[in-house]
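Using the sequences and the hints, build the whole thing.
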Amino acid sequence: MESGLALRLQVNAVRLIPGLVGWVLAAAAATGWAADRPNILWISAEDLSAGTLGCYGGAAHTPRLDGLAAAGLRYDAAFSAAPVCAPSRSAIITGVMPTTLGSLPMRCKATPPPQISGFPKRLREAGYWCTNNSKTDYNLDGSFDAGWSQSNRTAHWRTRPLPDQPFFAVFNLGVTHESGLFGDKPEAVRRELPAEARREGADVTVPPYYPDTPVIRRALAQRLELAAALDIDAGKILDDLAADGLADDTIVVFWGDHGEGIPHGKRSLTEHGLRVPLLVQVPEKWRGRARLPGGGEPAGATAELVSLLDLGPTTLALADLAPPEWMEGRPFVGAGATARDVVIAARDRMDAPPGFGRSARDARFRYSRNFLPWLDGDDLPDYATGVAITNELRAVRAAGGLPAGAGWFSRTTRPADELYDVVADPDELEDLAANPAHRADLERLRNAVRSWMQRTKDTGILPEPILRVEAKKAGSEWAIFHLGDEARAHERYAAILDTAWAVAEGCHDDVFADRLTNDDAAVRWWAVSGTGWAAKRAGGDPAAALAPRLVDTDPAVRIAAATWLLRCGTPTATDDARAALGAEIGSMNPDIRVAALVAIDDLGEITAPLWPAAAALDLGKDEEYSRRTVERIRRRLAGP
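So in numbering that gives the first Met the number 0, spot 264 of the sequence shown is number 263, and the numbers just go up one at a time.
Treat the hints as calculated values from the structure; they're not laboratory data. Every residue gets a Cβ at the ideal spot worked out from N, C-alpha and C, and that includes glycine. Honestly, I wouldn't trust all of these hints.
Here are the computed distance ranges between Cβ atoms for each label pair [claimed, not checked]:
{"hint": "1", "residue 1": "V422", "residue 2": "D144", "range": "37 to 43 Å"}
{"hint": "2", "residue 1": "T516", "residue 2": "T411", "range": "29 to 35 Å"}
{"hint": "3", "residue 1": "A615", "residue 2": "G182", "range": "45 to 51 Å"}
{"hint": "4", "residue 1": "T135", "residue 2": "P589", "range": "18 to 24 Å"}
{"hint": "5", "residue 1": "G400", "residue 2": "K120", "range": "52 to 58 Å"}
So this is what it looks like as C-alpha cells:
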C-alpha cells in the first residue's frame, strides 16, 4: 500500500509544495479520510440579492440554481455581515465579525490577532485539500493565514494529491459583480445567453424606491441577465462534479457575498443590501450529519435566520470538526447547530466616503442605527457611477422627479433610528421608529445592537485614524480592547460608546462640554462631532467650544473640529479651520491625509483656497482613496 501511495504522490509532485508529501501521508493515516469526511463544495456569487433568482421568486432565468434549491435546502433569511465584499468575506473566512477584527472599512488592512486564522486551516489539518478559485479580498494584512492548500485561478478539487482525499473547494463567480454593469460588459454577456435567458426593460418590475425610467428598466434587466450567466457558470461546476463521480459524496453550498450591486443594495444596511441567496444540497449519505436546529432534514425552505458569519463554523461542523472558541459565528446545520434570534450587520467607510451604521434583523423587523446622522442619502462613491442607475437617480433628483419611495436617496440627513417591518414592507418604505405601536420592537432591537457592540468591543467606535494608530501599538485592532486590563478596557469602551450614542441621539451640546477635553482622543472626536452637530441643527456658533480643538494633540480630532467649524460657517474661525485642514493633507499618515482630503472635498466652496495644494499632491498607488479624492478636487478646479 505504501508503494502505491508513493507512486501516486510522485505523479502529482508538480502540484505539491515542498514538504507536503510527508504531511499527506501522515494525514491519510491519522484521519482515515475517505470513510468519514464528506467533500464540501462552495459556489459563491458576487453582488447578488436573494430575490433575483428564480427559486426565490425572481425573474432571472436560473434553472441550475433552481434545481439545486429544489433538491436541497433554501434559506429565506440569510444575510451578509456587511453589504460590501471585503468585510463580508473577512467575516466568512474567519467566522469573526469585521467589527471585532477592525476589518470593516473598505480596503483596509487590519492585523488579525495570532490565534485567528482562516477556518480552512482547520480543515487542512484534518486532511482536507482546500482550494480557492480565486478571490480572497479579506481586508486583512499579510500576516493572515487563510489556510488554503491552493488559491489561484487554477485551484480545483482535481489538483488534490490523492483521488480519495476529501476536499473543500471554493469557486468565486464574478459575473454578477457591480462592474458587470459598466460600459459594454452587459451587452457582451447578453450576446452569449440563450433567448430564454434574455430580458428586456418591459420584463422587469421597477421597485418603488426607484423612478420608473427606461434607463432604470434596462439596467435592472441587465442585472437579471448577469444572474442568468452566473447560473450557466454554476452549472458547469456542478457538471464537473457529476462527471467526476463525486456528486453523491459532496455537500454543495451556494451563497452570495452581499446584496445587488446597485444603489439601495450594495453598501446599504437594507434588505436589498444584506439578504442573500443561500442554498445547501446534502447527498443522502451525509444527511445525518447536516440536521437543522431541532433535528429537521436539510430539505425544502427554511425561515431560520442565518448570517454568512456562520458559514465557516457550519463547514467545520459538517466535517465533524469543532469550531474554535474565538469564532463568533455558529453552525446552522450539523453538530452544534443553533437558531439565531437576531442577525447583526454593519457598515463603515465605503471607499473614501465616511459611514458608520449598525443593523439588527429578527424574523420580522430590521432596525438600523445611524451614528453619523448628518450624512445625506447619496453616499455613493465614485466607483458606483459606472452603474447607470446611480447617474439616473442623480439626474432625476436634479429634475425634481424622484418618487416618494426614493426618500432614502433625497434625504439631507438621517434619523438616529430606523425600523421597518420587512415582512409586510420588504422595500423599507415606511419607517416605524416613531410609531408608538412599535416602541417595544424599536427598544428591543436597539438594545440588541448596543449590547452586541459593548460585548464584542466593536472597533468602529474608534475613528479610523485613531484605530490604526492604536492597533500598531497594541499589535492588532482586536487587541486594543481585548488584551490588558479587562475592567479598564470595558470602562473605556463604555465611555466612547456612550458618547457616540449621544451624538446619534442629537443630544444638546452641553452633554459634550466636559468630554471635549477628555484624556481619550476617541471621546474627544465624538464630543467634537456632537457639539458641531448640535450647533448645525440649531443654527448656532460652536467656535468657543471647538476652536481650541484645532490645536488638539490628535490629528483626527483637529480634522473633526475644522470640519465642523467650516460646516457651521463660523466666520471667526474659518481661516484657522481651513489652515488646520490644509496642514493635515501633508501628513505622513495616509489615514489622516485621506480624512483631510475627504473633508475638503465634502465641504465644497468654503475650502476652495485649499484645492490647489490638494490637487498638487503626488500620491502613491497604495493610497487609492486619497488619489480618487484628489481627482475629484482637480475636477472642481477645472470647472464645468
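Evaluation of the provided hints:
no.: 1; hint: V422 - D144: 37 to 43 Å; in the structure: 41 Å, holds
no.: 2; hint: T516 - T411: 29 to 35 Å; in the structure: 31 Å, holds
no.: 3; hint: A615 - G182: 45 to 51 Å; in the structure: 31 Å, violated
no.: 4; hint: T135 - P589: 18 to 24 Å; in the structure: 22 Å, holds
no.: 5; hint: G400 - K120: 52 to 58 Å; in the structure: 53 Å, holds
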